[in-house]
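Enquirer: The primary structure of each chain is shown beneath.
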Amino acid sequence: MGAYFDGKGMTPGAFMTARVPSFADFLGSYAPELLPGARGLGALPGGAGGSDVIKDLPHATTIVAAACERGVVMAGDRRATGGNMIVKRDVEKVLRSDEYSAIAMAGVASIGLEFIRLFQVELEHYEKMEGRSLSLEGKANRLATMVRGNIALAMQGLAMIPLFAGYDEETGIGRIFSYDVAGGPYEEHRYHSIGSGSVFAKSALKKLYSDDMSVTDASLACVQALYDAADDDSATGGPDLTRRIFPVITAITDDGFRRLTDAEAAELSQQVVDGRMQSPDGPLAALRQLALADPHLPRRASKGSASGVHAVLHVA
Amino acid sequence: MPFYMSPEQVMRDKSEYARSRIARGRSCVALQYTGGILMVAPNPSRALHKISELYDRIAFAAGGRYNEYEALRKAGITYADVTGYQFDRRDVTARALANWYAQTLGTIYTESQKPYEVEIVVAEVGDTPADDQIYRITFDGSVSDEPGFVAFGGQADQVAAALKERFSDGMSLAEALEAALEALTPPAPSGTGAAAAAAAAAAAANGELTASSLEVAILDRTRSHRTFRRLRGARLEELVAQIRGSAASAAAEAAEAAPDAEAPADAEAKGTDAAPPGSPDHDDPPTGPPPGGSDGAPKGPAL
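Those sequence lines, one after another, are chains A and B.
Counting from 1 along the first sequence, just add 75 to a position and that's the residue number in the numbering used here.
Counting from 1 along the second sequence, just add 39 to a position and that's the residue number in the numbering used here.
Hint data in this document are derived by calculation from the structure and do not stem from the laboratory.
Honestly, I wouldn't trust all of these hints.
Pairwise CB distance ranges, derived in the manner of DEER restraints [stated by the list, open to error]:
id, chain 1, residue 1, chain 2, residue 2, range
1, A, E108, B, R129, 50 to 60 Å
2, A, A93, B, Q48, 31 to 41 Å
3, A, E167, B, D166, 23 to 33 Å
4, A, N216, B, R51, 28 to 38 Å
5, A, G247, B, R65, 35 to 45 Å
6, B, S54, A, P107, 37 to 47 Å
7, B, R129, A, K130, 31 to 41 Å
8, A, L109, B, M50, 51 to 61 Å
9, B, T249, A, E144, 40 to 50 Å
10, B, T261, A, E339, 20 to 30 Å
11, A, M230, B, R63, 56 to 66 Å
12, B, D166, A, D255, 42 to 52 Å
13, B, S263, A, Q346, 27 to 37 Å
14, B, S263, A, Q345, 21 to 31 Å
Note that CB positions come from ideal geometry on N, CA and C, so glycine has one too.
Just need the whole structure built from these sequences, with the hints factored in.
Expert: Right, here's the structure in full:
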């Protein structure tokens with residue numbers, strides 16, 4: 076192009092230059108103020124007073140994900156808390172990122188939701204520019220760089236971290252990637268959880284999870300884990316039967332991304348709540364191991380062990 | 040090089056240059072059908088596209104020089120994505136994109152030595168056929184709003200005239216594709232009866248506009264979120280065979296017992312086989328929403 080394109084404003088220059096097909100990179104050079112965390116907050120006026128404001132911002136809480144047959148299930152509770160207050164009961168923090176992946180976040184909700192929106196556009200932008208989707212690793216790596224871009228905000232208290240899960244079209248399995256505020260990705264095997272209730276949720280999943288669960292069983296295990304998180308973590312919300320607000324459950328399989336309908340989520344939640352009426356602490360895991368295949372063997376345990384654990388899961 | 044050239048002369052030269060270069064290519068068409076907007080371009084390449092997605096309900100199609108319209112396509116996607124990210128997805132419109140393209144092409148035309156040798160179309164599918172918009176933008180930045188259908192690139196005027204005769208409101212997808220293919224096929228030598236049938240058979244035998252030499256895409260009105268779909272592979276072959284089948288059987292009837300009616304007969308048989316039983320002329324969208332009931336976003340291999 077010539078000098079008549081100044082590269083600013085909606086003039087052609089900035090748009091017509093050949094470049095790497097990354098939307099976030101383009102935005103960083105074209106309109107950095109539109110990126111969620113490119114600059115941090117700068118020096119905050121008011122010193123320590125500001126940190127109270129940040130602490131009381133809505134925070135999103137617990138996310139769980141579990142690999143299952145033909146893919147992966149990711150679910151999240153619906154609560155957002157600000158300090159010790161519940162500020163929202165129906166937050167959606169597990170979202171579609173593209174046809175074969177989902178993204179969820181824990182931490183400062185406003186930053187997180189804006190960040191997810193950017194990541195969704197990032198994937199779609201690449202797909203439209205190049206006529207193909209990024210590989211699952213490509214998406215996970217891209218997300219890591221974008222998370223690192225938020226580190227200035229995180230250091231100032233506006234931290235959020237995503238959890239990324241997707242179906243790998245190359246290998247035909249579901250995979251989970253976690254991050255810290257400085258980036259990542261860390262690939263997680265079988266299951267993972269992030270957010271304030273993650274300690275409880277992950278412990279629960281550890282007892283309930285078995286390899287090659289069906290999508291329904293993995294969803295049920297996720298709801299059980301979220302229930303346990305809500306049981307012990309004040310910032311995680313359980314199924315809200317009176318208002319009919321249930322966890323968001325998504326399945327990413329070879330059929331693509333699917334969010335379970337409200338009716339399906341309600342049914343799973345009802346099943347869990349009914350079980351807890353009988354046994355408030357949830358399903359009992361077997362104390363002594365039956366003659367099982369090596370439980371440390373990743374992903375390919377025998378079918379026998381899987382069905383044994385399923386039985387326990389449903390008895391709940 | 041002369042010291043002075045009058046602006047009229049410069050503009051006339053640029054314009055002639057661009058026109059003559061664009062006219063060397065092949066024409067493409069975009070037209071409405073009941074279920075959305077259909078775009079058809081003769082293009083043997085599976086990878087270098089003339090038609091592409093810009094945004095949820097907006098598509099881009101171009102004729103002319105590949106590197107130039109590819110740069111424009113990518114710029115348009117970026118423009119759309121920035122606008123949609125900054126405001127809302129509903130705030131990205133074909134009108135704004137057409138204006139942006141017009142401004143860009145106009146600037147290039149007046150300020151650079153060589154104008155772009157392209158003609159582009161921006162189409163947006165609405166909730167009803169009345170809301171559909173098709174804009175054509177030429178190398179000098181002129182925009183025209185084309186209700187119903189448009190032909191562009193190559194010998195666009197001839198194709199537009201041919202398409203005008205065949206276009207009507209409320210066509211099914213198969214009818215629209217048939218009209219597009221007829222308009223895009225160079226006029227056959229005039230003749231009647233057996234001669235015409237023979238010409239048709241010869242054209243079919245030469246591989247004139249077969250499924251493998253066509254790039255076809257739709258904006259599917261019934262979908263939510265991203266409505267752009269490419270028609271290719273078995274689905275496109277089936278549609279083309281269906282069209283050729285009905286055309287060939289009509290030709291065969293007109294020229295009964297023509298000695299070389301084998302090719303049309305073949306095509307007809309293929310068409311009958313491939314067409315879904317009971318509804319050879321169904322106008323279902325070729326790619327219905329996935330049975331799983333997800334949000335209607337693209338499935339399968341990347342676009």
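Enquirer: Hints first: check each against the structure and report whether it holds.
Expert: Status of the hints after comparison with the structure:
Checked against the hint of 50 to 60 Å, the pair E108/A and R129/B fails, with Cβ atoms roughly 23 Å apart. Restraint check, A93/A to Q48/B: a C-beta distance of roughly 33 Å satisfies the suggested window 31 to 41 Å. At roughly 26 Å, the beta-carbon separation of E167/A and D166/B lies within the given 23 to 33 Å, and the hint holds. The given range of 28 to 38 Å is broken by N216/A and R51/B, whose C-beta atoms sit roughly 53 Å from each other.
A hinted range of 35 to 45 Å for the beta carbons of G247/A and R65/B is consistent with their spacing of about 41 Å. The given range of 37 to 47 Å is respected by S54/B and P107/A, whose C-beta atoms sit roughly 40 Å from each other. The beta-carbon spacing between R129/B and K130/A, approximately 35 Å, falls within the hinted interval of 31 to 41 Å. Roughly 39 Å separates the CB atoms of L109/A and M50/B, a value that falls outside the hinted 51 to 61 Å.
Here the CB-CB span from T249/B to E144/A is close to 41 Å, well matched to the stated 40 to 50 Å. At roughly 24 Å, the beta carbons of T261/B and E339/A sit within the given window of 20 to 30 Å. In this structure, M230/A and R63/B meet the distance hint of 56 to 66 Å, their C-beta atoms being roughly 59 Å apart. Remark: the range hint 42 to 52 Å for D166/B to D255/A is upheld by a beta-carbon distance near 45 Å.
Taken as a hint, the range 27 to 37 Å holds for the pair S263/B and Q346/A, whose Cβ atoms sit roughly 30 Å apart. Distance hint check: the CB atoms of S263/B and Q345/A are about 29 Å apart, consistent with the given range 21 to 31 Å.
In summary, the numbered hints that this structure violates are 1, 4, 8.
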